[in-house]
Amino acid sequence: MAELQLKSVEKMYGNGFKAVHGIDLDVKDGEFMVLVGPSGCAKSTTLRMIAGLETISGGEIRIGDKIINDLTPGKRGIAMVFQNYALYPHMKVRKNLSFGLKLKRKPKDEIEASTGEVSGILEIDELLDRLPKQLSGGQAQRVAVGRALIKSPEVFLFDEPLSNLDAKLRASMRVRITDLHKRLRDEGRPATVIYVTHDQVEAMTMGDRICVMKDGHIMQVADPVTLYEKPANAFVAGFIGMPEMNLADAELTMDGTPKLTLAGQTITAPADLSARLNAAPGPVTLGIRPQHMTIETDGAADAFSGVIHNIEFMGHEVNVHVTIGDAAFIAVVPTEKFNLKLQRGDRVGLRPTGVQMHIFDKASGENVSLAE
Amino acid sequence: MTAMPQISADTLANMEKQRRRTRISSAFRYSLLIIVGLIMVYPLIWMFGASFKTNAEIFSSPSFWPKEPTVQGYIDGWKTSTPYTFAKFFMNSMMIIIPKMIGTAISCTLVAYGFARFDFPFKKIIFSTVIATLLLPNVVTRIPQYLLFRDIGWLDSFLPLWVPSALAGDAFFVFMLIQFLRAIPRDMEEAARVDGANTLQTLIYIVVPMLTPALISVCLFQFMWTMNDFLGPLIYLSSVENYPISLALKLSIDTTEAFAWNQILAMSCLALAPSLIVFFMAQKYFIEGISTGGVKG
Chain A
1 MAELQLKSVE KMYGNGFKAV HGIDLDVKDG EFMVLVGPSG CAKSTTLRMI
51 AGLETISGGE IRIGDKIIND LTPGKRGIAM VFQNYALYPH MKVRKNLSFG
101 LKLKRKPKDE IEASTGEVSG ILEIDELLDR LPKQLSGGQA QRVAVGRALI
151 KSPEVFLFDE PLSNLDAKLR ASMRVRITDL HKRLRDEGRP ATVIYVTHDQ
201 VEAMTMGDRI CVMKDGHIMQ VADPVTLYEK PANAFVAGFI GMPEMNLADA
251 ELTMDGTPKL TLAGQTITAP ADLSARLNAA PGPVTLGIRP QHMTIETDGA
301 ADAFSGVIHN IEFMGHEVNV HVTIGDAAFI AVVPTEKFNL KLQRGDRVGL
351 RPTGVQMHIF DKASGENVSL AE
Chain B
1001 MTAMPQISAD TLANMEKQRR RTRISSAFRY SLLIIVGLIM VYPLIWMFGA
1051 SFKTNAEIFS SPSFWPKEPT VQGYIDGWKT STPYTFAKFF MNSMMIIIPK
1101 MIGTAISCTL VAYGFARFDF PFKKIIFSTV IATLLLPNVV TRIPQYLLFR
1151 DIGWLDSFLP LWVPSALAGD AFFVFMLIQF LRAIPRDMEE AARVDGANTL
1201 QTLIYIVVPM LTPALISVCL FQFMWTMNDF LGPLIYLSSV ENYPISLALK
1251 LSIDTTEAFA WNQILAMSCL ALAPSLIVFF MAQKYFIEGI STGGVKG
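Chains as they are written, first to last, in the working numbering: chain A, 1 to 372; chain B, 1001 to 1297.
None of these hints come from the bench; they were simulated from the model.
Just so you know, not all the hints are guaranteed correct.
Chain A is nowhere near these chain B residues, computed Cβ spacing over 12 Å in every case [unchecked claim]:
id : residue
1  : 1017
2  : 1101
3  : 1225
4  : 1232
Calculated pairs, DSS-like style, for lysine-lysine (alpha carbon to alpha carbon, straight line, at most 25 Å) [to be verified]:
id : chain 1 : residue 1 : chain 2 : residue 2
5  : B       : 1284      : A       : 92
6  : B       : 1284      : A       : 133
7  : B       : 1088      : B       : 1250
C-beta: ideal position from N, C-alpha, C; glycine also.
Construct all of the structure, not just a fragment, from the sequences and the given hints.
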């Protein structure tokens, strides 16, 4: 079956630069796996190694039970959708779709049937006799997906396929691709997908599981909910979520109950956090999502006192930027709960609700508040 | 409704002045261009006109328009003073040009693709060597080449004239194709590899079609340069039956006691025709090909 396995896969370039540091990843048959990370995190390199467009310096890649390290891209049973579509400019859409099958010397009627089926699924029937330059971005992207789909590969590889589209089209293509994945699964021919993106919205909405990468290392592999609620480390916590999680240096003390000191202010850790804390007292990194803080009057119990330095009114909610000592915090408050009389320069109390509050080890960045 | 802002008489006068100045300036520029252009093209026009004159009239009137147009120059010129007609010389030229052009296109594409897309040991040194031959004056290699071809026994045949070029011997074309290839993104080739194409299939089905404008320029340059080449055939070809057009034109000057200029001019007009026809047919692609980086997304 089309399971994909990466075992201690490494990539070292000729100049000695190590881009990928022995990563392990198991992608189940029919799973939609998203590789996400900031630019330069080697997510595309990893994808290209799976595709066979980059050589592998160490480790092993398997699809099903065959090792594909040294196979040419055409023999790996993969299909790839490129960022800028990479349609063959001199071939009409029909030929673009069927090129792969023709190289495999499939019979003509079979090629025609497949072309018809794929163009039906992707609604590109009326585009078959056009050249790529006569297509809009969204249409070209659909043809590119079609060119992958027609080969019925074991593994689909997507390399930031939506990044060249405008926001509206991107949203609709996102749904289209996930729908297609579900449809194939329902039809009993599940497709394993590896999808590279730098956009966390794409990652969160599309992936069955998400693999967060940084500097050639895997930071965490988990489903979107786990990733959001239980980030394994400060990097994942900061990367996933909009606006990003507030991270600040704090001091943890165990004085009967755990207490947190930030900019000289000490509060008792909320019960929710204390229950899952697994950390030694000392300096830590405190992480609180903007959505999980309430704005109180200055001096309220168990709230950090700070100064508002900006208020962004978004309509349904308000982003309140508060400075506590040196640390900048953002709190996202529903509009109906926000006192609209507050202004820049006002002093307020910021109280963590305890939900989604995390403590990270200062040195390693590991989340030390995940004990069950 | 608000009233339109009043434009003062002064502004109007200024605008009128500006417009007049622009008109005068462009009239001047175009006249100058037309005059210089005419001066440059006049010898050609004169030659074409003179080819329809009698030999006597050529020297009696500077006008290009023949008083008594005649095609006698063409008829006599075509017959030539040799046992062969001019058709034979045209044939000979084509026997050199066609294999040379096809060979150049194929071999230079292969070499350029290798340099532009693959890494191999000593690539930099080999590439520098190729470029170095581009800088080498042709005359420097004439004598060693002559000796080499004499030893192989290729003298007085077409082979020395087209075989070196057909084996990517023209570094200029290799360089031109490499530059063009560098401007083409690799994605399409990678997509083809994922689609299961091997290196040669990628080259033939994907790269060559995208390279077409550049290849047309290569063929066109090679066509014109070979058609006009005089020194090469002069060195390697000794028997008249092998002469290409460039030598044949010279031949009609050599062998006749009183030069029949109208015949020479008539045949020169004919000799120009293939280059002109080929150029105008391929003009569109030619311009696309030499303006490197003209890849549409």
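Verification of the supplied hints:
In this structure residue 1017(B) is separated from chain A by more than 12 Å, as the shortest Cβ-Cβ distance comes to about 46 Å. No beta-carbon of chain A comes within 12 Å of the beta-carbon of residue 1101(B); the shortest separation is about 22 Å. For residue 1225(B), the shortest C-beta to C-beta distance to chain A comes to about 28 Å, beyond the 12 Å cut-off, and the non-interface label holds. Consistency note on residue 1232(B): stated as away from chain A, and its beta-carbon is indeed over 12 Å from all of that chain's, at 36 Å minimum.
For the proposed pair residue 1284(B) and residue 92(A), the alpha carbon gap of about 22 Å is at most 25 Å, so the pair holds. With a C-alpha separation of about 19 Å, the suggested pair residue 1284(B) and residue 133(A) falls inside the 25 Å cut-off, and the hint holds. Among the hinted pairs, residue 1088(B) with residue 1250(B) is consistent with the structure: their alpha-carbon atoms are about 15 Å apart, no more than 25 Å.
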